[in-house]
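Undergrad: Sequence:
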Amino acid sequence: MSRNAVLVTGAAGFIGFHVAERLLSGGREVVGLDIVNNYYDPRLKEARLDILGRHPNFSFVKLDLADRATTKSLFAQHRFPVVVHLAAQAGVRYSLENPHAYIDANIEGFINVLEGCRHNGCDHLLFASSSSVYGANTKLPFSVHDNVDHPISLYAASKKANELMAHTYSHLYRLPATGLRFFTVYGPWGRPDMAMYLFAKAIVEGTPIRLFNHGRMRRDFTYVDDVSQAIVRLMDRPPQGNPNWSGANPDPATSAAPWKVYNIGNNNPEELMHVVALLEKQFGRTAAKEMLPMQPGDVPATYADIEDLARAIGFRPATTIENGVARFAKWYRDYHNL
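Following the numbering used here, the residues of the sequence shown are numbered contiguously, the last one being 338.
Treat the hints as calculated values from the structure; they're not laboratory data.
Treat the hints loosely; a few may be bogus.
[Unchecked claim] The list that follows gives simulated cross-link-like pairs (lysine-lysine, BS3-like), each with its CA atoms no further than 30 Å apart:
{"id": "1", "residue 1": "330", "residue 2": "281"}
{"id": "2", "residue 1": "72", "residue 2": "139"}
{"id": "3", "residue 1": "201", "residue 2": "289"}
{"id": "4", "residue 1": "201", "residue 2": "330"}
{"id": "5", "residue 1": "62", "residue 2": "72"}
All chains, full assembly: derive it from the sequences and hints.
TA: Here you go:
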């Protein structure tokens, strides 16, 4: 691998796989890193890695980022100019049961990435944040210029912590860092613990779909190809620092340091019941539905203001929910040999 290789952490994961594939298809060299744990079926992760492994410019490193010494030596060996850090312990509900997993992966792992970037000449760190940082906020659409100091799950708190940690390194060491607040990403090769996959599985197996808040949930479903395109475009636009930033009236989205956060969403929330109906149509079956109260740590609606991203890279999501669900359903049928 040359000194121009991009590091994609979480490359066996859903978004990491799509970002790595887009980079490889564009002729970039990629070092993919993943721990390949059993948070969900590792066979899905291995199938993604098999596809990436067909590219001659891809090399894979199996590594736990919380392992400080090994992470340090990887960064020293490659001196990555760009790092796309997507590895994390995901899931709001899982964080209620396994809090320590979030500290190990999302805090310990992230400080090791920051140190690796700081000491090895990284030109741009892009890192996964989440729409969950908006927490108890109710003003819609969610704007990156809004304060986000009221997370309601440990997962959300760990992502907010990542934004703060990255800002500190940008301020102290001038490390250009871009935070990516993802909104309900879905599509082929999606995670089995996410709504789209869970709904499809329930419809196919004839088991009830569990609909929290009695089905009155709205999510800004964002198709994975739109997400990966935005990330790859942002890679070449490291933040420069906002010359108009003022500590007297601080803008939460920017800084005098080379640090910025963006919403990566569809800017069009969908009723969960509409998404279920689209999946029913794709699979030719009616879903059994179990209406349940709101879950701890959950929010009734997400809705992304994407104006900053549109201004920066001309981003406009191109995939309608109807087309996105159809593509996901086709992949689901193919992957499971239905």
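Undergrad: Take the hints in turn and mark each one as holding or not.
TA: Each hint tested on the structure:
Between residue 330 and residue 281 the alpha-carbon distance is near 12 Å, which keeps this suggested pair within the 30 Å criterion. For the given pair, residue 72 sits about 41 Å from residue 139 by alpha-carbon distance, which is inconsistent with the 30 Å threshold. Among the hinted pairs, residue 201 with residue 289 is consistent with the structure: their alpha-carbon atoms are about 13 Å apart, no more than 30 Å. A hinted pair counts as satisfied when its Cα atoms are at most 30 Å apart, and residue 201 with residue 330 qualifies at roughly 13 Å.
Distance hint between residue 62 and residue 72 is fulfilled; the C-alpha atoms sit about 14 Å from each other, no more than 30 Å.
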